[in-house]
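S.K.: Read off the chains here:
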Amino acid sequence: MSTNFNSIGVFAIYKFEMSRFRRTFWQSLVTPIITTLLFLLVFGSAIGGRVGGIGGVSYAAFIVPGLIMLTVLNESLSNASFGIYMPKFTGTIYEILSAPLSPAEIVIGYVGAAVSKSVLLGLLILVTATTLIPISIKHPIIMLFMLIFIAIIFSMLGFIIGLLAKSFDQLQFFPLLIVTPLTFLGGAFYAIDMLPSPWQTLSLVNPIVYLVSAFRWTFLGESAVNIGSSLVVISFLFITGVILIISIFRTGYRIKA
Amino acid sequence: MNKSIVISDVDKIYQNGTKALDAINIDIMEGEIFALLGPNGAGKTTLIKIICGLTNMTSGKILINNLDIIDDYRAARKQIGLVPQELDTDMFETVWDTVTFTRGLFGLRENKPLIKNILNNLSLWEKRNEEIKNLSGGMKRRVLIAKALAHEPKILFLDEPTAGVDVELRQDMWNLVRSYQNNNVTIILTTHFIDEAEELADRVGVIDNGSLIVVKEKNELMSSLGKKQILFFLEEPLQFIPDSLSDFRLNLKKSNTTLEYTVTEKNEGVSVSRLIKTLDSNNIRFRKIETVQSSLEDIFVKLVTKK
Ligand SMILES: Nc1ncnc2c1ncn2[C@@H]1O[C@H](COP(=O)(O)OP(=O)(O)OP(=O)(O)O)[C@@H](O)[C@H]1O
Ligand SMILES: [Mg+2]
Chain A
161 MSTNFNSIGV FAIYKFEMSR FRRTFWQSLV TPIITTLLFL LVFGSAIGGR
211 VGGIGGVSYA AFIVPGLIML TVLNESLSNA SFGIYMPKFT GTIYEILSAP
261 LSPAEIVIGY VGAAVSKSVL LGLLILVTAT TLIPISIKHP IIMLFMLIFI
311 AIIFSMLGFI IGLLAKSFDQ LQFFPLLIVT PLTFLGGAFY AIDMLPSPWQ
361 TLSLVNPIVY LVSAFRWTFL GESAVNIGSS LVVISFLFIT GVILIISIFR
411 TGYRIKA
Chain B
29 MNKSIVISDV DKIYQNGTKA LDAINIDIME GEIFALLGPN GAGKTTLIKI
79 ICGLTNMTSG KILINNLDII DDYRAARKQI GLVPQELDTD MFETVWDTVT
129 FTRGLFGLRE NKPLIKNILN NLSLWEKRNE EIKNLSGGMK RRVLIAKALA
179 HEPKILFLDE PTAGVDVELR QDMWNLVRSY QNNNVTIILT THFIDEAEEL
229 ADRVGVIDNG SLIVVKEKNE LMSSLGKKQI LFFLEEPLQF IPDSLSDFRL
279 NLKKSNTTLE YTVTEKNEGV SVSRLIKTLD SNNIRFRKIE TVQSSLEDIF
329 VKLVTKK
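Sequences listed follow chains A and B, in order.
Those letters in the first sequence? Residues 161 to 417, per my numbering, in order.
Those letters in the second sequence? Residues 29 to 335, per my numbering, in order.
Incorrect hints may have been included.
Capping the alpha-carbon separation at 20 Å, the derived lysine to aspartate or glutamate pairs in EDC-like fashion look like this [said to hold, decoys possible]: (1) A:LYS175 <-> B:GLU158; (2) A:LYS248 <-> B:GLU154; (3) A:LYS175 <-> B:ASP200; (4) A:LYS248 <-> B:ASP116; (5) B:LYS256 <-> B:ASP271; (6) B:LYS255 <-> B:ASP271; (7) B:LYS168 <-> B:ASP200; (8) B:LYS255 <-> B:GLU245; (9) B:LYS256 <-> B:ASP223; (10) A:LYS175 <-> B:ASP55; (11) B:LYS256 <-> B:ASP326; (12) B:LYS31 <-> B:ASP55; (13) B:LYS168 <-> B:ASP194; (14) A:LYS326 <-> B:ASP116; (15) A:LYS175 <-> B:ASP118; (16) B:LYS244 <-> B:ASP55; (17) A:LYS175 <-> B:GLU138; (18) A:LYS248 <-> B:ASP118.
It should be emphasised that the hints constitute simulated quantities derived from the structure, not laboratory data.
Please model the entire structure based on the sequences and the hints provided.
M.R.: Next up, the structure:
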């Protein structure tokens, strides 16, 4: 193994990915903003008025961390998976593979860009929400770190999906049919302790419950799931992602025939 | 001369069980143009892909300027530029950006004069701000070449660089290849235009069904495997070849109106005048003499159909 990190190469990938983002800049921004406005309007004002507050804040303020999670998970997945799937699909992956880049550097380039984009959108939703309703963040620094960390996990997951996918359908299958439902069921819009007890217990096998709960904790200072267990689950997901990616590259699976 | 590439006992079996390469051994010298020839599916692209890191070899060892392509992949790959067989390009990137991108991947900082020079040499400078999807096939091929040159490689792989390229451009490309050779870049080229190999190559390797069947200096290959023949068009048909001509290994062709004499390395030069004298003394008159020489193409076809 050579020791020198190919930072210019990593940045080239990062820049390439971000420029793809720039080409669809307005679409990328407008969709989450409108979604946020709709959610806050429908759930926050219309329904929230009847539900009353949860965890000491208004229902609208309660769902904001959930909304951010929903977007960040989806954006991380779709950007990272698309980012690596496209060159595989068009054949331009040959460039990346023939360059003096280690697997880790390739991952950092793609995942880094997907993380940047989804964190940016997450923050944008936060800003949009604060213009509409009062929001207070108990642990802002931890919130930011948590956001970035969760974005990294799901960008890695997206990267893996993009590596393994054989078609565009497969690319969309996972986010649409698994992650979005799990996010909805993961307490993005309710506190899981509001559920009857068998459902509450069942929810605990859903990893996204821990992410949403921990992220909401950074806002409210309290959470449905113990913050310690959430951190354990998050770390576990992170390490699993890293190991999966390394082993995929080691074997050349689905990349190097 | 230094060895640019040392390929030792390389085997490749694809995951579906296809044996694409079988015990390949080739040394490629610095600054030479090496043409890798072979029919469709012979394994040419597979070998190139292995050297460039696009696919893993099943067994064997490859050194690039003494650097192992697996253990020292960073240093090894920095020396290599690849123009792939397929026209795989991004669509929405501009020519300038995509060439700059490749240079970046190889860990090199931007160098505008260099990129400008490369684009100029490939007549792409006017198209630098064009999105690749708006270019013709031949232009895309040139963009791929520009990308391969962007990090100033010492070794250049050209996998069918002139497929789908017009005649004029083909000449330009040959000139470009020669100019890089003059700068001591080692060039490995595959092509189905055998005349291209004949024109450019210093050495030729023929691969068939995953096995290397011959590696030789082009000139040596052509003289040892090629045939030079002298045809004597006779004034009158000859019924049989007289005994006095029996040491000349002659053939009677075209309803006995043509005598065919095959020049071999042994008899070259020495015996032609003796043959002519002997013909004369046997009263065999001829209208004209023609010499024919087999092209690299003839040799190639003979090699790969022999099996
Ligand atoms: N990804 C792959 N998976 C399985 N088999 C493959 C793969 N790529 C190539 N092959 C097989 O390996 C053999 C060699 O293919 P290769 O592309 O190296 O040939 P080639 O000499 O470059 O041919 P051509 O002149 O048509 O480009 C063929 O039998 C081909 O079908
Ligand atoms: Mg080929």
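S.K.: Output the indices of the hints that this structure fails to meet, ascending.
M.R.: 2, 3, 5, 6, 10
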